[in-house]
Amino acid sequence: MTLGHPDYDVEIKTDYTSRSQAKNLASTFVIWWDGDDGHGIARSVVILDAHNRHIAIKPL
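Using the working numbering, the first residue of the sequence shown is number 1405, and each one after it goes up by one.
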């Protein structure tokens, strides 16, 4: 999916190295997300490792 203005992804930087941990965090975040996107539309939650690499992505 390509983001267009004013769409955005929510990025969470972690010290996780495990993709399964990152996927669990992403799933929990999706459950927690209240849908209040503010200006624009939040499309996905992206979990980053300590080196800013995407280790999990889940649609919101």
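A couple of the hints might just be wrong.
[To be verified] Quick list of in silico lysine to aspartate or glutamate cross-link-like pairs, EDC-like style, CA-CA up to 20 Å:
id: 1; residue 1: Lys-1462; residue 2: Asp-1419
id: 2; residue 1: Lys-1427; residue 2: Asp-1453
id: 3; residue 1: Lys-1462; residue 2: Asp-1438
id: 4; residue 1: Lys-1462; residue 2: Asp-1411
id: 5; residue 1: Lys-1427; residue 2: Asp-1438
id: 6; residue 1: Lys-1417; residue 2: Asp-1453
id: 7; residue 1: Lys-1462; residue 2: Asp-1413
id: 8; residue 1: Lys-1427; residue 2: Glu-1415
id: 9; residue 1: Lys-1462; residue 2: Glu-1415
id: 10; residue 1: Lys-1427; residue 2: Asp-1413
Everything labelled a hint here was simulated from the structure, so no lab data went into it. It should be emphasised that the depicted structure is a prediction, and the values quoted were computed from it without experimental measurement.
Taking the hints in turn, this is what the structure says about them:
In summary, the hint linking Lys-1462 to Asp-1419 is supported, as the alpha carbons are separated by about 18 Å, within the 20 Å threshold. Distance check on the hinted pair: Lys-1427 and Asp-1453 sit about 12 Å apart at the alpha-carbon level, within 20 Å; holds. A threshold of 20 Å between alpha carbons decides the hint, and for Lys-1462 with Asp-1438 the separation of about 15 Å falls inside it, so the pair holds. Restraint check for Lys-1462 and Asp-1411: satisfied, since their Cα atoms lie roughly 15 Å apart, inside the 20 Å limit.
For a cut-off of 20 Å, the pair hint linking Lys-1427 to Asp-1438 stands: about 19 Å separates their Cα positions. The hinted pair formed by Lys-1417 and Asp-1453 meets the criterion: a straight-line CA distance of about 6 Å does not exceed 20 Å. Only pairs whose Cα atoms come within 20 Å are accepted, and Lys-1462 paired with Asp-1413 is accepted, the gap being roughly 10 Å. Using a Cα cut-off of 20 Å, the hinted pair Lys-1427 and Glu-1415 holds, with the two alpha carbons roughly 13 Å apart.
Pair hint Lys-1462 plus Glu-1415 holds up; C-alpha atoms about 11 Å apart against a cutoff of 20 Å. Distance check on the hinted pair: Lys-1427 and Asp-1413 sit about 16 Å apart at the alpha-carbon level, within 20 Å; holds.
Checked against the numbered hints above, the structure breaks none of them.
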